[in-house]
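Peer 1: Chain residues, written in single-letter form:
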Amino acid sequence: MKYVDEFRDPAAARSIAARIADEVDPTRSYAFMEFCGGHTHALCRFGLEDLLPPNIRMVHGPGCPVCVLPVGRLDLAVELVTTRPEVILATYGDMMRVPGTGGVSLLTAKARGGDVRMIYSTAQAVELARDNPDREVVLFAIGFETTTPPTAAAVKAAAAGGLKNFSILCNHVLTPAAIDAIMTTGSAESRARLDGFVGPGHVSTIIGAEAYEAPARKWDKPIVISGFEPNDLLNAIHLLVRQTNKGEAQVENAFARAVRPGGNAAAQALCDEVFALRDAFEWRGLGTIPESALKLAPAYEGFDAEVKFDLQYASRPDHKACACGEILRGEKTPAQCAVFETACAPEHPLGSCMVSPEGACAAYYLYGRFRGVAPRLAAAE
Amino acid sequence: MCLALPAEVVALDGDMATVNLDGVEAPVSLAFLDGVGVGDFVVVHVGYALSRVDPDIAAEQIDAMRGEETAGEPSAYGDVS
Amino acid sequence: MAGRHDADGRRLFAKKLDFKRGAVDLTHGAGGKASAQLFEELFRPAFDNPLLDRGDDQARIEGAARMVVATDGHVVSPLFFPGGDIGALSVHGTINDVAMAGAVPTDMTAGVILEEGFPLADLKRIVQSMAVAAADAGVRIVAGDTKVVEQGKGDGVFITTTGLGAIPDAVKTPPAADRAQAGDVILVSGTVGDHGVTILSAREALPMSAPFESDTAALHGLVADLIAAAPGVKTLRDPTRGGLATAVNEICRASGVGALLRETAIPIRKTVDAACELLGVDPLYLANEGKLIAVVEASEADAALAAMRGHALGREAAIIGEIVDDPDGFVQMETAFGGKRLVDWLTGDPLPRIC
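First to last, the protein sequences are chains A, B and C.
Residue 87 in our numbering is what sits at position 84 of the first sequence, and the numbering runs on without skipping anything.
Residue 136 in our numbering is what sits at position 20 of the second sequence, and the numbering runs on without skipping anything.
Residue 146 in our numbering is what sits at position 144 of the third sequence, and the numbering runs on without skipping anything.
Simulated from the structure, these hints should not be mistaken for laboratory data.
It should be emphasised that the depicted structure is a prediction, and the values quoted were computed from it without experimental measurement.
Just so you know, not all the hints are guaranteed correct.
Said to hold, decoys possible - Straight-line distance between alpha carbons at most 30 Å, and here's what the computed DSS-like set of lysine-lysine pairs gives:
1) A/LYS113 <-> C/LYS155
2) C/LYS155 <-> C/LYS22
3) C/LYS35 <-> C/LYS126
4) A/LYS113 <-> C/LYS149
5) C/LYS149 <-> C/LYS126
6) A/LYS249 <-> A/LYS221
7) A/LYS311 <-> A/LYS167
8) A/LYS5 <-> C/LYS272
9) C/LYS126 <-> C/LYS17
Work out the full structure: start from the sequences and follow the hints.
Peer 2: Written out as structure tokens, the structure is:
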């Protein structure tokens with residue numbers, strides 16, 4: 004695959020790893036947070052941590068919209084589809100298996116007769132509304148800024164088509180706000196512990212690398228925007244090491260092949276038209292964060308499922324033993340959580356970090372829990 | 117997060133395009149991108165093209181990653197903004 | 003379901019079944035005339051063998067010393083997909099289960115549960131597909147049963163098959179899941195994920211088109227060649243639901259060992275790889291219906307590989323790793339960079355993701 008394979012070239016990976024090893028200061032340790040779930044996934048899937056020197060630690064961030072969606076919001080979707088037979092709930096595959104309150108997921112709701120349909124594109128949800136005029140189609144909208152423009156496009160198309168039976172349950176969230184939240188909810192000590200961030204690549208194609216200048220300045224940490232291939236990540240880590248060594252706190256766009264200055268203006272304009280900022284929104288594992296999420300703009304309120312169906316959100320706390328908050332801030336590792344692998348595992352997650360394969364705990368469980376337990380096998384070269 | 121892949125545009129049809137990724141073809145909306153041509157590579161997420169891959173920047177970056185620095189000072193393979 | 007003939011050989015049924023426009027109804031499963039007609043006009047001529055013709059409710063098979071029996075339920079949706087259908091799948095699946103024990107499959111049964119309203123034309127297509135698959139494999143379908151459930155209570159058709167086979171004397175120690183030992187080599191007979199991707203893209207009506215095709219096939223011929231070249235073969239497994247990853251984990255668990263796989267050695271079609279990237283699913287967890295995993299002693303690895311590659315169903319066979327000592331039973335995989343990751347059991351069902 005072009006523009007994928009070249010960034011998975013093992014020889015280049017070793018070359019970058021060698022440069023990282025050269026430049027790290029052996030007298031100190033480094034801790035970088037890769038914010039984005041896709042980056043966590045790439046780190047684990049390619050076993051990249053084996054190529055990093057032992058004094059670099061990657062702290063897995065919250066950047067998976069599935070992980071940070073509060074249980075109470077998922078319950079709203081489940082409630083809609085189980086109490087209203089006229090509703091067709093259109094959802095991405097990611098959300099289907101996440102357990103809500105009482106362990107009821109959308110998949111369970113479907114088994115109980117709820118009309119849950121998996122979609123691959125928001126356009127399919129609009130099509131469902133057109134094809135089923137006697138039903139109410141609700142798009143379960145989740146995602147960071149990459150996924151928001153497709154939702155906006157769907158709402159616009161529904162409006163243009165005069166569709167009265169289409170609405171969205173909006174859970175779109177914003178990444179710069181999340182970086183602020185990680186830095187604010189922790190102690191000064193945990194803030195000092197993180198040396199920098201690997202910034203989200205695809206989100207930046209929409210909002211531009213400039214969007215991270217404020218948090219970089221505010222928290223005095225470097226942020227390097229990275230693509231999702233393994234060599235992109237190694238490259239970004241290299242740049243972070245360099246900046247950390249020099250005491251710099253700049254935003255670097257290391258994904259310039261796809262991230263243009265200013266991001267995607269057309270996408271941003273559409274989102275500005277269709278969405279408005281919520282005063283505050285609860286994030287699983289991080290608490291309530293001000294101005295961190297979106298709702299529909301007043302002109303598009305007719306497409307807001309919360310208004311249409313008079314949905315009442317109720318916050319549900321996570322399990323007492325859940326250590327996701329501390330894990331997200333890099334204060335604990337998944338293995339240090341009391342319920343890791345026992346009460347909390349991918350089949351029965353208790354907290355946000357275990358909920359999707361990109362959460363810190365799930366990624367470690369699925370791809371990395373043999374470390375520290377299994378004999379280290381020599382790699383054949 | 118945001119699973120997206122670069123895929124080659126092989127056909128155009130108004131606001132839509134067909135992309136091809138190693139033999140797999142999929143329809144993609146061009147609602148957010150102007151001036152896309154056949155042969156361009158676009159980053160695709162949930163059926164929408166979000167950005168075009170710049171072949172020159174990509175080539176530079178691939179070379180830099182391999183360690184083939186251009187003449188002169190060692191280049192940082194990221195843009196400092 | 004046995005056949006019933008009128009003593010004088012007169013036709014028992016007034017009107018022949020309409021396989022073009024007819025549909026299954028509840029009487030076809032009730033055990034009376036309608037059931038008999040379905041058997042007489044569809045199943046019996048399709049599966050065509052003297053045991054079935056005898057009209058008993060069971061078949062008497064001349065037994066051998068080491069018999070193998072396996073059973074499988076088939077509920078695949080959609081029923082028809084590129085490369086095959088539920089009929090072929092059911093026959094191949096059971097033949098393969100028997101073959102993985104080193105046995106030669108000879109006979110099988112087929113229990114069919116139909117949904118009221120299911121078109122007879124589709125049923126005929128499926129039954130013919132079963133007949134062809136069985137005949138090609140030299141296997142007889144010697145007994146069966148048909149039931150019909152009310153509309154809405156079934157997914158068109160469910161098929162349960164049970165297969166029988168005997169282990170030839172030449173196979174000294176039959177392959178088994180608990181025989182793998184550290185130092186043994188792991189092979190796969192060909193590309194992974196073909197069937198899973200085909201079904202996923204057909205079932206979810208994904209806006210994606212590619213020449214995907216299920217790899218459904220009967221593997222007993224390949225197994226015979228493999229055993230002839232590598233008689234000490236330790237374990238054979240066909241990685242169906244749960245994929246290669248789950249199958250290797252199962253073997254390791256049964257044998258009390260671990261494994262180290264090499265990602266770059268695992269054969270996969272470009273289109274399947276691309277589709278998996280696009281959908282965000284891991285090909286190691288997708289079903290394969292015409293592939294096998296073999297664990298052999300290191301000394302027999304090259305012979306095993308050559309034997310598989312010499313067979314039409316094993317052209318892309320490859321050595322993909324080895325068994326290692328590991329009391330925790332982890333299956334590790336070396337990625338292209340030499341970095342390692344765990345290849346865990348499948349959790350849930352592989353669904354496409356956007357994140």
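Peer 1: Does each hint hold? Answer for all of them.
Peer 2: Consistency of the hints with the structure:
Distance check on the hinted pair: A/LYS113 and C/LYS155 sit about 16 Å apart at the alpha-carbon level, within 30 Å; holds. Annotation: proposed proximity of C/LYS155 to C/LYS22 holds, straight-line Cα distance about 24 Å (limit 30 Å). For the given pair, C/LYS35 sits about 19 Å from C/LYS126 by alpha-carbon distance, which is consistent with the 30 Å threshold. Restraint check for A/LYS113 and C/LYS149: the C-alpha separation of about 27 Å stays at or below 30 Å, so the hint holds.
Between C/LYS149 and C/LYS126 the alpha-carbon distance is near 16 Å, which keeps this suggested pair within the 30 Å criterion. Simply put, A/LYS249 and A/LYS221 have alpha-carbon atoms about 18 Å apart, close enough for the 30 Å limit, and the pair holds. Simply put, A/LYS311 and A/LYS167 have alpha-carbon atoms about 11 Å apart, close enough for the 30 Å limit, and the pair holds. For the proposed pair A/LYS5 and C/LYS272, the alpha carbon gap of about 12 Å is at most 30 Å, so the pair holds.
For the given pair, C/LYS126 sits about 17 Å from C/LYS17 by alpha-carbon distance, which is consistent with the 30 Å threshold.
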